[in-house]
Amino acid sequence: MNSVYVSKKTYKKGDIIAIEGENTTDCYVLLSGWVGIFKNKIKVDDFNIPGTVFGEISFLLDKRRTAHIIALAESEVMSFRGDVEDIIRNYPNIAKKILVSLADKLRKTTENFVLVIDEDIQQALEGSEQ
Amino acid sequence: MKIYKKGEVIAREGEFDETCFILMNGRIGIYKDNKLISEIYERGSIFGELSSILDQPRTSTIVALQDSQVIVIEKGIDELIKKHPDVTKKLMISLAQRLVNTTNQLIDKIEQK
Numbered sequence: 000m001n002s003v004y005v006s007k008k009t010y011k012k013g014d015i016i017a018i019e020g021e022n023t024t025d026c027y028v029l030l031s032g033w034v035g036i037f038k039n040k041i042k043v044d045d046f047n048i049p050g051t052v053f054g055e056i057s058f059l060l061d062k063r064r065t066a067h068i069i070a071l072a073e074s075e076v077m078s079f080r081g082d083v084e085d086i087i088r089n090y091p092n093i094a095k096k097i098l099v100s101l102a103d104k105l106r107k108t109t110e111n112f113v114l115v116i117d118e119d120i121q122q123a124l125e126g127s128e129q
Numbered sequence: 000m001k002i003y004k005k006g007e008v009i010a011r012e013g014e015f016d017e018t019c020f021i022l023m024n025g026r027i028g029i030y031k032d033n034k035l036i037s038e039i040y041e042r043g044s045i046f047g048e049l050s051s052i053l054d055q056p057r058t059s060t061i062v063a064l065q066d067s068q069v070i071v072i073e074k075g076i077d078e079l080i081k082k083h084p085d086v087t088k089k090l091m092i093s094l095a096q097r098l099v100n101t102t103n104q105l106i107d108k109i110e111q112k
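In the order they appear, the protein sequences are chains B and P. Following numbering that gives the first Met the number 0 from start to finish, the first sequence increments by one per residue and tops out at 129. Following numbering that gives the first Met the number 0 from start to finish, the second sequence increments by one per residue and tops out at 112.
Quick caveat, the hints were computed from the structure, so don't treat them as lab data. Quick caveat: nothing in here was measured; it's all calculated off a predicted structure. Check before you lean on any hint, since a few could be wrong.
Derived lysine-lysine pairs resembling BS3-like cross-links, with alpha carbons at most 25 Å apart [what the hints assert, rightly or not]:
| hint | chain 1 | residue 1 | chain 2 | residue 2 |
| --- | --- | --- | --- | --- |
| 1 | B | Lys107 | P | Lys88 |
| 2 | B | Lys38 | P | Lys108 |
| 3 | B | Lys95 | P | Lys74 |
| 4 | B | Lys62 | P | Lys74 |
| 5 | P | Lys74 | B | Lys96 |
| 6 | B | Lys42 | B | Lys107 |
| 7 | P | Lys112 | B | Lys107 |
| 8 | B | Lys62 | B | Lys40 |
| 9 | P | Lys88 | B | Lys95 |
| 10 | B | Lys96 | P | Lys81 |
| 11 | B | Lys107 | P | Lys108 |
| 12 | B | Lys42 | P | Lys112 |
| 13 | P | Lys88 | B | Lys96 |
| 14 | B | Lys12 | B | Lys40 |
| 15 | P | Lys82 | B | Lys96 |
| 16 | B | Lys62 | P | Lys88 |
| 17 | P | Lys82 | B | Lys95 |
Please construct the entire structure, taking both the sequences and the accompanying hints into account.
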């Protein structure tokens with residue numbers, strides 16, 4: 000059975016699309032506009048490329064929102080919810096977008112993490128030289 | 000299904016191919032600049048998926064640390080989605096979990112500064 004629900008909505012600049020800690024599991028695809036991801040008031044990511052997937056963490060892991068999602072400009076957003084395997088079977092293009100988005104974010108986050116760790120190591124080395 | 004002998008290279012850093020792999024049994028090592036950065040030994044683990052999904056050259060070398068049985072998905076991610084929706088779901092969940100963990104580590108580090 001196909002149990003996937005799809006809808007479309009336009010958010011104004013500053014509108015909150017999802018709140019950290021909230022128990023919603025929709026996954027979103029940006030159709031137009033600009034969206035930011037905020038965690039503890041730190042902007043961890045933002046995107047303006049149509050087709051970008053976001054909010055997929057809650058959707059996939061069935062857990063509360065791990066970040067705020069805010070429209071940074073007027074944005075048109077498609078949202079969907081439902082069984083993950085149904086989405087993979089019925090919407091292979093969306094499934095691929097989700098995978099690409101996750102892999103790309105993981106690569107970016109890992110690179111940033113390595114940069115921060117490298118800074119720490121550098122500082123520790125400089126400290127030990129003095 | 001393919002068997003890689005201990006020491007055999009499964010994929011090489013810098014190479015360009017779409018293949019991703021699922022470990023059935025054995026032990027796999029991920030090397031970057033000749034340093035072992037990760038070991039995979041859990042049955043059903045997916046590896047080599049980042050290059051496959053992102054369509055980029057390999058960022059690390061994958062070597063069999065023991066004789067290992069591996070499912071090779073040659074046409075990469077499109078084939079995986081089409082033929083193995085259950086494995087695709089597992090892959091999505093594993094990537095999402097890794098993203099959560101790495102993001103939390105990054106946030107912790109930034110907040111410490």
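Results for each hint:
1. Under the criterion of a C-alpha separation no larger than 25 Å, the hint pairing Lys107 of chain B with Lys88 of chain P is consistent with the structure, at around 22 Å.
2. Of the pairs offered as hints, the one joining Lys38 of chain B and Lys108 of chain P holds, with about 13 Å between alpha carbons and a cut-off of 25 Å not exceeded.
3. Proximity of Lys95 of chain B to Lys74 of chain P is assessed by CA-CA distance (about 14 Å); at most 25 Å being required, the pair is judged to hold.
4. For the suggested pair Lys62 of chain B and Lys74 of chain P, the alpha carbons sit about 32 Å apart, so the restraint of at most 25 Å is broken.
5. Proximity of Lys74 of chain P to Lys96 of chain B is assessed by CA-CA distance (about 17 Å); at most 25 Å being required, the pair is judged to hold.
6. Distance restraint check for Lys42 of chain B and Lys107 of chain B: the Cα-Cα separation of roughly 14 Å lies within the 25 Å cut-off, and the hinted pair is therefore satisfied.
7. For the given pair, Lys112 of chain P sits about 20 Å from Lys107 of chain B by alpha-carbon distance, which is consistent with the 25 Å threshold.
8. The hinted pair formed by Lys62 of chain B and Lys40 of chain B meets the criterion: a straight-line CA distance of about 20 Å does not exceed 25 Å.
9. For a cut-off of 25 Å, the pair hint linking Lys88 of chain P to Lys95 of chain B stands: about 11 Å separates their Cα positions.
10. Of the supplied pair hints, the one linking Lys96 of chain B and Lys81 of chain P holds, its CA atoms being roughly 14 Å apart against a limit of 25 Å.
11. Proposed proximity of Lys107 of chain B and Lys108 of chain P is supported: the alpha carbons are some 16 Å apart, at most 25 Å.
12. Distance hint between Lys42 of chain B and Lys112 of chain P is fulfilled; the C-alpha atoms sit about 16 Å from each other, no more than 25 Å.
13. Taking the CA atoms of Lys88 of chain P and Lys96 of chain B, the gap is near 13 Å; set against the 25 Å cutoff, the hint holds.
14. Between the alpha carbons of Lys12 of chain B and Lys40 of chain B the distance comes to roughly 17 Å, so the proposed pair stays at or under 25 Å and holds.
15. As the CA atoms of Lys82 of chain P and Lys96 of chain B are separated by approximately 17 Å, the hinted pair is consistent with the 25 Å bound.
16. This hinted pair checks out: Lys62 of chain B and Lys88 of chain P have alpha carbons roughly 16 Å apart, not beyond 25 Å.
17. With a C-alpha separation of about 13 Å, the suggested pair Lys82 of chain P and Lys95 of chain B falls inside the 25 Å cut-off, and the hint holds.
Figure legend: structure checked against the earlier numbered hints; the only hint not met is number 4.
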